[in-house]
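Chemist: For reference, the chains in residue letters:
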Amino acid sequence: MLTAVKRYFRFFKESMKCNFKSIAEYKSSFLVQTIFMFLNNGFFLLFWYVVIAASGEKAGDITLNKILYIWSVPVISFGVAFFFFGGVRELGRHILEGTLDVYLTQPKNVILNVMCSSMEFAAAGDLIYGIVVGLIATEFNLLRFGFLVILGTLGAVFYICVETILRLLTIFIGNTDNIEHTYINTLMISFASYPSEIYGGGIKFLLYTVIPSAYISFVPIDFITTFDIKYLLWFFGAMLVFVAITAALTKFALKRYESGNSIALRS
Amino acid sequence: MKKDTIIEVEHLSKTFQKKIKMPGIKGFFNPILEDFTAVNDISFSVNKGEKVAFVGPNGAGKSTTIKMMTGIVHPSSGSIKVAGLDPTKQRKQMAYKIGCLFGQKSGLWMHLPPIDTYKLFGAIYDLDEDETLKRINHLVETFEIQDLIYTPVRRLSLGQRMICEIVGILIHEPEIIFLDEPTIGLDIVVKEKVRALINKINAESGVTVFLTSHDVGDIEKLCDRVIIIDKGRIVIDEGIDGLKDTYLKKKIITVKHEETIPLEDIIYDIYTRKS
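Protein sequences appear in the order of chains E and F.
Take 0 as the starting number for the first sequence in numbering that gives the first Met the number 0 and just add one per residue.
Take 0 as the starting number for the second sequence in numbering that gives the first Met the number 0 and just add one per residue.
Since the hints were derived computationally from the structure, they do not count as laboratory data.
A couple of the hints might just be wrong.
Far from chain E by the CB rule (all over 10 Å, computed), these chain F residues [stated by the list, open to error]:
no. : residue
1   : SER44
2   : ILE79
3   : GLY158
4   : GLU172
5   : LYS199
6   : ASP229
7   : ILE260
8   : TYR270
Among chain F residues calculated to face chain E with C-beta under 10 Å, some are [unchecked claim]:
no. : residue
9   : PHE15
10  : GLY70
11  : HIS73
12  : ARG90
13  : GLY98
14  : PHE101
15  : GLN103
16  : LYS104
17  : HIS110
18  : LEU111
19  : LEU119
20  : GLU128
21  : HIS171
22  : ASP179
Nothing here was measured: the structure is a model prediction, and the numbers come from that model.
Beta carbons are placed, not taken as given, at the ideal position from N, Cα and C, and that holds for glycine.
Pulled out of the complex, with its shape left as it was, chain E reads as follows (with noise of 0.2 Å):
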């Protein structure tokens, strides 16, 4: 077990050492991309700093410090799941080239393979803002911060689940890409980028469990901010649900994969 774990961080090391390689060809176009990607974040909070500014200390139940935090926390995944992960998002286009077939012959997780086979530099933006953000919401409570970047960082898992399963209905459906823009993007960032005390029942039901927006909000920001060890064990909870279906349907659909040829280059 230590040996398989020691093994795939090796090769963990290696992807990413050929991923900052291959940044450093593009080195204008990463810093551009993680600039205009850590400005647009940065807007959205300047609107919520606008609204609350204008309601006195805080909106309704919403103070800034909660907007920080949401514009930290969710970010951060987000940046992890894509920056390191970013491979996850081309897995639709392995299965309907048929470029699958390199991976599924070499001797690693097919799927922890693709994704680290390439980055989304826009995604490194995302990351360092979370980062940034997440420091001020905290106050530079180290213990708050650790907390913070801990569960951010593991929160990258429910985006990377999502994904990979959207991702992997392509053997059934065929292209995903717009089911994919509207989950994850529509939904998922879109319900996690407001506080979950505007949701009623219904909503929330649906934010815990099939749109896993409270898994890369809420709940971690309910234990940084009461160290209340309930959200904790509910979002390990639902951190093992999530991959558990993850594996389930990865080898469910990697059977039905029908591979193709086409003339195609990994890149």
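Starting from the known structure of chain E, fit chain F onto it as the hints suggest.
Modeler: Relative to chain E, chain F alone:
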């Protein structure tokens, strides 16, 4: 499985479902599903160190068979054993023993020099760093690609890239290499080089070679045995010499003269020589 047998395929079949869309709205909502048998009850075995060509026209079932043997596609029925392992159930364990090259799909990272991907392959196949470097150096010397391994793959010619791809699949010293159209798109000089290198590696390490190709040169110059597949069924399974003796009895020779020779003179010449 006999002692020297490294690949054993028994009654292997693969059926895909094809969607046939009729014209109009009805066809859009109600496509007809039809079964298409790509591989139909084939059986064969390959011995250790053998070089086998698996050939046939487009759509004959070559790639589907190779994909089932490498664990990429799951068979509909039948059994496969590669290096004593079942590709459908032991894909990861089997991956350590095989090397796969798909002429149309790259295993190398496009923006990086091959040396970086080779090091990553070392980690993928759980070789330690020293072992990986030793193996890379050996292959780089054998294949004489010292001047290619530090150039980004996107700047290599197709032939150079293919040679670097072959090196990539040999990093972990596989027992069997599966080559799906390894010379596709290459010019005649590079084709010869690729064939010579595959022969060299087979002679040196005794690696079993299983290749698909449309190129007669690949089959003639690389392989000891040919399996011909058509419409999902094996039609010929024979040694390359036997195949030449049995099927290649005629040769067409084209002769071009500098000056025009009347046809009747040629006919007369042929007949008088014969008599």
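Chemist: Checked against the structure, which of the hints given earlier come out wrong?
Modeler: none
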